[in-house]
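Novice: Sequence:
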Amino acid sequence: MRVYKAITILWICIVLCGCGSQPKEYVEGLTLAQENVYFFEDGTTVDLWRMESIGRDVYMLSDGTILLKVADYIPPIALGADGVKIYSSLDLSENVQEAVLVYFEKQGLLYDVQSELEKAYTYYLSCKQEGIAFNSFYVSQERSFVCENSNIVCFDTTVIRVRENREAQDIELSDIFDKRTGERLNIWDLFLYPQSESKNRLVDAIKMDDEALLTEMEKALEDEFIHPSSRGLVITFPEGTLKSLDASFNIEIAYDDLRGILHSWAIPYPKDKFK
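Number 8 in this note's numbering belongs to position 8 of the sequence shown; there are no gaps in the numbering.
Careful, some of the hints might be misleading.
[To be verified] With a Cα cut of at most 20 Å, we get these calculated EDC-like pairs of lysine to aspartate or glutamate: (1) 207 x 222; (2) 243 x 256; (3) 207 x 189; (4) 199 x 164; (5) 243 x 209; (6) 219 x 246; (7) 179 x 197; (8) 179 x 98; (9) 207 x 252; (10) 219 x 183; (11) 119 x 105; (12) 128 x 142; (13) 106 x 156; (14) 219 x 239; (15) 119 x 41; (16) 106 x 224; (17) 106 x 52; (18) 119 x 197; (19) 128 x 222; (20) 106 x 178; (21) 128 x 112; (22) 219 x 178; (23) 243 x 257.
Don't read these hints as lab results, they were simulated from the structure.
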């Protein structure tokens, strides 16, 4: 349980950008949680504030510059005071719910706050030196239900980072669980063939005229890039994994094109079947 210092600022004028003459914004309901929560190498410290109304940690320098905003983690299954509460669209036993929650608790966060702070502060100093605007960094992680059938249930974990005035950089992972036992399944457990042959057949199912890009995708493909959805298998290549592209790349293969490649029990219900 977090203990917050009893200082609440109803209206506080904070500097969003820490370089030169910057615009200011009034932020309601900021509460100081901990002073000097992190020390940088040059001796500068950062304080941790809370914006409880929207569930966010705010890391701020003493001059009012917000370095980093961290959204509260969103779990895939809601927990209440009386125990586990599941989403109405899911039909999971209590044991399976517990198994899913335990797995994700062990997996933890896929980002490191200290690392994000260091990157934000380094960029802040470079902005200050060059006299250009600095915008705070942002990171969030949430796990959400994606699709299911009578045999499996699938969740996606999404990490969003915004750095250096760039658009969000996403990390997305998929986890598949056996609905009867709560056991986590490997993506290749859904396929009819051994992993190497399944991978080749999956790539063959991609309808693309660019043979060079297709070859590059085949070499770069990792297990965690493959995500079941209600419509098909989505393959997400993160930014930097395909040398010929300077951005992330997504492609979806319809389940109709995967018949004879996937087990029939592994194909999720279509989206319109959910409540």
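Novice: Work down the list of hints and note, for each, if the structure agrees.
Specialist: Here's how the hints hold up against the structure:
no. : hint      : result
1   : 207 x 222 : 19 Å, holds
2   : 243 x 256 : 30 Å, violated
3   : 207 x 189 : 23 Å, violated
4   : 199 x 164 : 36 Å, violated
5   : 243 x 209 : 18 Å, holds
6   : 219 x 246 : 17 Å, holds
7   : 179 x 197 : 26 Å, violated
8   : 179 x 98  : 12 Å, holds
9   : 207 x 252 : 10 Å, holds
10  : 219 x 183 : 29 Å, violated
11  : 119 x 105 : 26 Å, violated
12  : 128 x 142 : 33 Å, violated
13  : 106 x 156 : 16 Å, holds
14  : 219 x 239 : 15 Å, holds
15  : 119 x 41  : 13 Å, holds
16  : 106 x 224 : 17 Å, holds
17  : 106 x 52  : 26 Å, violated
18  : 119 x 197 : 41 Å, violated
19  : 128 x 222 : 40 Å, violated
20  : 106 x 178 : 18 Å, holds
21  : 128 x 112 : 24 Å, violated
22  : 219 x 178 : 29 Å, violated
23  : 243 x 257 : 27 Å, violated
Hint compliance for this structure: hints 2, 3, 4, 7, 10, 11, 12, 17, 18, 19, 21, 22 and 23 are not met, and every other hint is.
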